[in-house]
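> Sequence:
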Amino acid sequence: MENDYTFPIVVRKVKRCLFVKFNDFDIEEQIYEPEVDYIMESKILLSNILLEYEQKKITIPIPKGIASIKISPNEKLIFINIWLPFYRTDSEKYVKKTLTIPSWIDELAKKQDLNFSHILKSALLEKLGLYDEIKKRKTYKFNKPMENLEDFLFIMQKMIKVNLDEENAAFSLVVNTKDFNLIVTTWTIWVNKNISTFLLTTKKGNIKKWDLESQKQEWLKLLKEFKIEFQKKLDKKCSDIIRQLRDNKLNESSIESLGGYISKLGQCLLNSSLKYDGIFERDESIYDYMRAITDPAMLKKNIKQEYWLEYSDYQLFTLQYKIEIPFLYVLVWNINNLYVIERFNYFNKKNNTHCKNICYECLTKISKTTLEILLGNSIFSHRLVPEIANYEKKVSAISQVGSINFDNYLPYLYCNEKQKKEYTDIRNKIVSVDVLTKLPMIPMYINKGDKVGLNYLVHSLCKEVENAD
Numbered sequence: 192m193e194n195d196y197t198f199p200i201v202v203r204k205v206k207r208c209l210f211v212k213f214n215d216f217d218i219e220e221q222i223y224e225p226e227v228d229y230i231m232e233s234k235i236l237l238s239n240i241l242l243e244y245e246q247k248k249i250t251i252p253i254p255k256g257i258a259s260i261k262i263s264p265n266e267k268l269i270f271i272n273i274w275l276p277f278y279r280t281d282s283e284k285y286v287k288k289t290l291t292i293p294s295w296i297d298e299l300a301k302k303q304d305l306n307f308s309h310i311l312k313s314a315l316l317e318k319l320g321l322y323d324e325i326k327k328r329k330t331y332k333f334n335k336p337m338e339n340l341e342d343f344l345f346i347m348q349k350m351i352k353v354n355l356d357e358e359n360a361a362f363s364l365v366v367n368t369k370d371f372n373l374i375v376t377t378w379t380i381w382v383n384k385n386i387s388t389f390l391l392t393t394k395k396g397n398i399k400k401w402d403l404e405s406q407k408q409e410w411l412k413l414l415k416e417f418k419i420e421f422q423k424k425l426d427k428k429c430s431d432i433i434r435q436l437r438d439n440k441l442n443e444s445s446i447e448s449l450g451g452y453i454s455k456l457g458q459c460l461l462n463s464s465l466k467y468d469g470i471f472e473r474d475e476s477i478y479d480y481m482r483a484i485t486d487p488a489m490l491k492k493n494i495k496q497e498y499w500l501e502y503s504d505y506q507l508f509t510l511q512y513k514i515e516i517p518f519l520y521v522l523v524w525n526i527n528n529l530y531v532i533e534r535f536n537y538f539n540k541k542n543n544t545h546c547k548n549i550c551y552e553c554l555t556k557i558s559k560t561t562l563e564i565l566l567g568n569s570i571f572s573h574r575l576v577p578e579i580a581n582y583e584k585k586v587s588a589i590s591q592v593g594s595i596n597f598d599n600y601l602p603y604l605y606c607n608e609k610q611k612k613e614y615t616d617i618r619n620k621i622v623s624v625d626v627l628t629k630l631p632m633i634p635m636y637i638n639k640g641d642k643v644g645l646n647y648l649v650h651s652l653c654k655e656v657e658n659a660d
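If you read the sequence shown in our numbering, its first letter stands for residue 192, the second for the next number, and so on.
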């Protein structure tokens, strides 16, 4: 495994901004304001790409030689060196060093209770030119990997397969972990998987003329039939989970709470996914539910009074068992709003602060694993069975050897160039097939968004949360 890499970048200045081009990688040209340290930012970006190549076992390209790089008179060539262990290490490993200093310095330092190791580390980082860079490393103490992560990934590899035996085996495995967060996450993926399969199958079926009122009625009829049938399937699967938990001799009160929780969650996912409406309205319907079971103030705002007690129990369950799914949905919605506000200068200080506060709260409630899912990244594990992606279908849940991608099953952020056409006939409110067959927030489209900018926004929020602690 290589540790030291040096790659060229081409830099040109246009007015006040600097444009940076990476010759050896398929990366969009980066634009930096004058006050930004473009060298440091380029190193961070390049190191993230190299680490991704390592994880996915993609061959890292050999840097182009100077002779093969053509530059214009207004451009300059700079070589960026990346020492990968600095970025590769998630946790610090310390070594003992002997330090010799004058006795009078030792006495003064002890009187002020100074930390010798910390000062030496800071001084060495400053001397090595890494002090500012290390502050931008994308690791956060509050953001830990998901508990029982390896079990979760192994189970999910079975769950995402079409094979019914694998699906049943996955549920048996996840229930045996007795981890309610894993059970709820698996349940959410299973529900979304079944709904998505129905919607996409129906899309390929006999409904052709989506702009006709008769076709709208046909679609609504199919939705109604599926909803009745799938509700029976939901109830049966919920009963199976409860029975297996009882076999594991878990507390009866906890089992009943989980049963009610996943039953209600399944109904809400189903109702929002089958809602005959535009993208925003479909996303909003599931967001309102997730917000109600994570924030007491929103419960009374979004839910009828007769259901307050029921939803209060869901809130308590979410917090008591550290359920991540509701916070993932809420976070995706608010990061999208925050990105639009900041990127496109829709300045509204009150709304900006409100979105940020919600994001801060959600980030402390999700794992590092869930954060990667939110960003649309694959999750890697040595326990996963290597499989070859199905390129004929173009989209495969198992997209790389030893990794899983949850793009079709859980909410994530996605930057798209063109806005989706929501209605084929807006006067008669005939919703387009692409909208109707898309699960809410899967993905959450960010129109004309920039993925690099989006990642920086998410990580800056994480850094602000850590600094606040």
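What the hints contain is simulated information worked out from the structure, not anything from laboratory work.
From the three backbone atoms N, C-alpha and C, an ideal C-beta is built for every residue, glycine too.
Hints are supplied without guarantee of correctness; some may be wrong.
[As the list claims (entries may be wrong)] Pair by pair, the computed Cβ-Cβ distance ranges are: (1) Lys301 <-> Trp274: 32 to 42 Å; (2) Val227 <-> Lys423: 48 to 58 Å; (3) Lys301 <-> Tyr551: 32 to 42 Å; (4) Ile269 <-> Asn439: 51 to 61 Å.
[As the list claims (entries may be wrong)] Simulated pairs of lysine to aspartate or glutamate, EDC-like, Cα-Cα distance not exceeding 20 Å: (5) Lys427 <-> Glu358; (6) Lys352 <-> Asp504; (7) Lys455 <-> Glu409.
> Each of the hints needs a verdict: does it hold here or not?
A quick look at each hint next to the structure:
1. Lys301 <-> Trp274: 32 to 42 Å: Holds: the Cβ-Cβ distance is about 34 Å, inside 32 to 42 Å.
2. Val227 <-> Lys423: 48 to 58 Å: 57 Å, holds
3. Lys301 <-> Tyr551: 32 to 42 Å: With Cβ atoms ~39 Å apart, the hint holds.
4. Ile269 <-> Asn439: 51 to 61 Å: 60 Å, holds
5. Lys427 <-> Glu358: Given that 20 Å is the threshold and the Cα spacing comes to 14 Å, the pair holds.
6. Lys352 <-> Asp504: Judged against 20 Å, a Cα distance of about 33 Å means the pair is violated.
7. Lys455 <-> Glu409: 27 Å, violated
In summary, the numbered hints that this structure violates are 6 and 7.
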